[in-house]
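Visitor: Heads up: the sequence lines are chains R and C, in that order. Residue numbering for the first sequence follows our numbering, beginning at 1 and increasing consecutively. Residue numbering for the second sequence follows our numbering, beginning at 1 and increasing consecutively.
Any given hint could be a false lead.
Same chains, same names: a pair is fine if it fits in one copy or spans any two.
Listed below are the simulated SDA-like cross-link pairs for lysine to any residue, each with C-alpha atoms no more than 20 Å apart in a straight line [what the hints assert, rightly or not]:
(1) K59 with D26
(2) K61 with D22
(3) K59 with D154
(4) K31 with E113
(5) K49 with L155
(6) K49 with M64
(7) K49 with A127
(8) K102 with R116
(9) K102 with A51
(10) K59 with A151
(11) K102 with P118
(12) K102 with E15
Since the hints were derived computationally from the structure, they do not count as laboratory data.
Protein chains: 2
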Amino acid sequence: MTRRTPSGAAVLQPEVTTAIVDAVFDELVDKGVGRLSMEGVAARAGVGKSALYRRWPSKDKMVMAVLADLSVPLAEITDTGSLRGDVRATVEAVTGWITHPKFRRVLADLIAEGERHPERAAAVVDAIGGPRREHAFATLRRAIDRGELPADVDLELAADLFAAPMYWRMIVRRGPVEDDYLDRVTEMILRALGATTC
Amino acid sequence: MTRRTPSGAAVLQPEVTTAIVDAVFDELVDKGVGRLSMEGVAARAGVGKSALYRRWPSKDKMVMAVLADLSVPLAEITDTGSLRGDVRATVEAVTGWITHPKFRRVLADLIAEGERHPERAAAVVDAIGGPRREHAFATLRRAIDRGELPADVDLELAADLFAAPMYWRMIVRRGPVEDDYLDRVTEMILRALGATTC
Chain R
1 MTRRTPSGAA
11 VLQPEVTTAI
21 VDAVFDELVD
31 KGVGRLSMEG
41 VAARAGVGKS
51 ALYRRWPSKD
61 KMVMAVLADL
71 SVPLAEITDT
81 GSLRGDVRAT
91 VEAVTGWITH
101 PKFRRVLADL
111 IAEGERHPER
121 AAAVVDAIGG
131 PRREHAFATL
141 RRAIDRGELP
151 ADVDLELAAD
161 LFAAPMYWRM
171 IVRRGPVEDD
181 YLDRVTEMIL
191 RALGATTC
Chain C
1 MTRRTPSGAA
11 VLQPEVTTAI
21 VDAVFDELVD
31 KGVGRLSMEG
41 VAARAGVGKS
51 ALYRRWPSKD
61 KMVMAVLADL
71 SVPLAEITDT
81 GSLRGDVRAT
91 VEAVTGWITH
101 PKFRRVLADL
111 IAEGERHPER
121 AAAVVDAIGG
131 PRREHAFATL
141 RRAIDRGELP
151 ADVDLELAAD
161 LFAAPMYWRM
171 IVRRGPVEDD
181 YLDRVTEMIL
191 RALGATTC
């Protein structure tokens, strides 16, 4: 019996991972991605820096992984059986994502930071935007298969519409999310895409 | 004859105003709205702080005025005679605004800053968003008068659509502005609004 972790198979304790993830979000809110440091995250999580490097090879990979692990699953929508239902679920899920208490302030910082460091912005788009859009495309392809959308629907523009109005309304304009705004956005998207059911 | 400016009627030299406005934008890009100072702007413009206070009563009022003077006129669209033409001109003008060399990085910072200081964000929305939207509403009302849009068209949602897709595409996703993207957005908006001419 030994108390040492076997060197060839590091055991990652889930509660340590959780503490680190929380610390990453808190540091992102306090300092922004530019000034976040491995030291700061480790200190806030109450762990050594080695605990971070055991999980991620670099600061940038750590931040991207933490943000993607929160963001990508939130774009996964259960098939409701209709395009209207799927779009409604999508715009609601997008709203939950961009107003997520952990994520809301981080997103605006990431975008501003992206203007200064395009390579960092490209990493965010690859790690978060790309996989999230694949979920949107899957939703749209289901609707094409059901005959609810024309086969040549503009997938890229449609995916933009699934997110852009809520971001503009809530984050740029800081407007209220009226009870029926998501309903109105849903109907607008159905019309915009030329849905047969609108 | 005296060389002193009459105290009751300060003469504001236009070339000084231009130098100050340029300095405000440069400071906004370098430091962000949070760390911009009257001292920094004055030094960069090569004028005394009194030249700033002669024009604006405070830092916040100065920044808002400078941003609004750039942003609001850019939302003014010449009546093209048709909704399709007006929407195409609007989405092109929005694109020019959010990618304006002086403004692009400032906008992302303003939004991020707005998450930290809601009262500052509200001032931006009042000084820029409100007047810009009035121009959008005027465009939409012209279309209603021409019979191109239903009288009960959702003006608020329509105004969001005039800007949101381009912001999402270019600033959040950092995607390319394909030659035909604005054409596709225009047709999408016409369908979304239930235009009689789409």
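Visitor: If a hint holds in the structure, say so; if it does not, say that too.
Guide: Going down the list of hints, with the structure as the test:
1. K59 with D26: within (15 Å within a copy, 30 Å between copies)
2. K61 with D22: within (16 Å within a copy, 38 Å between copies)
3. K59 with D154: Answer is neither: 37 Å inside a copy and 45 Å across each miss the 20 Å cutoff.
4. K31 with E113: both (12 Å within a copy, 13 Å between copies)
5. K49 with L155: Result: close neither inside a copy nor across copies, 43 Å intra and 53 Å inter.
6. K49 with M64: within (18 Å within a copy, 43 Å between copies)
7. K49 with A127: Cα proximity of K49 and A127: none, with 24 Å in one copy and 46 Å across.
8. K102 with R116: between (23 Å within a copy, 14 Å between copies)
9. K102 with A51: neither (22 Å within a copy, 43 Å between copies)
10. K59 with A151: neither (42 Å within a copy, 54 Å between copies)
11. K102 with P118: between (23 Å within a copy, 17 Å between copies)
12. K102 with E15: For K102 and E15, the Cα distance is within 20 Å only inside one copy (18 Å; across copies 46 Å).
Checked against the numbered hints given earlier, this structure breaks hints 3, 5, 7, 9, 10; the rest are met.
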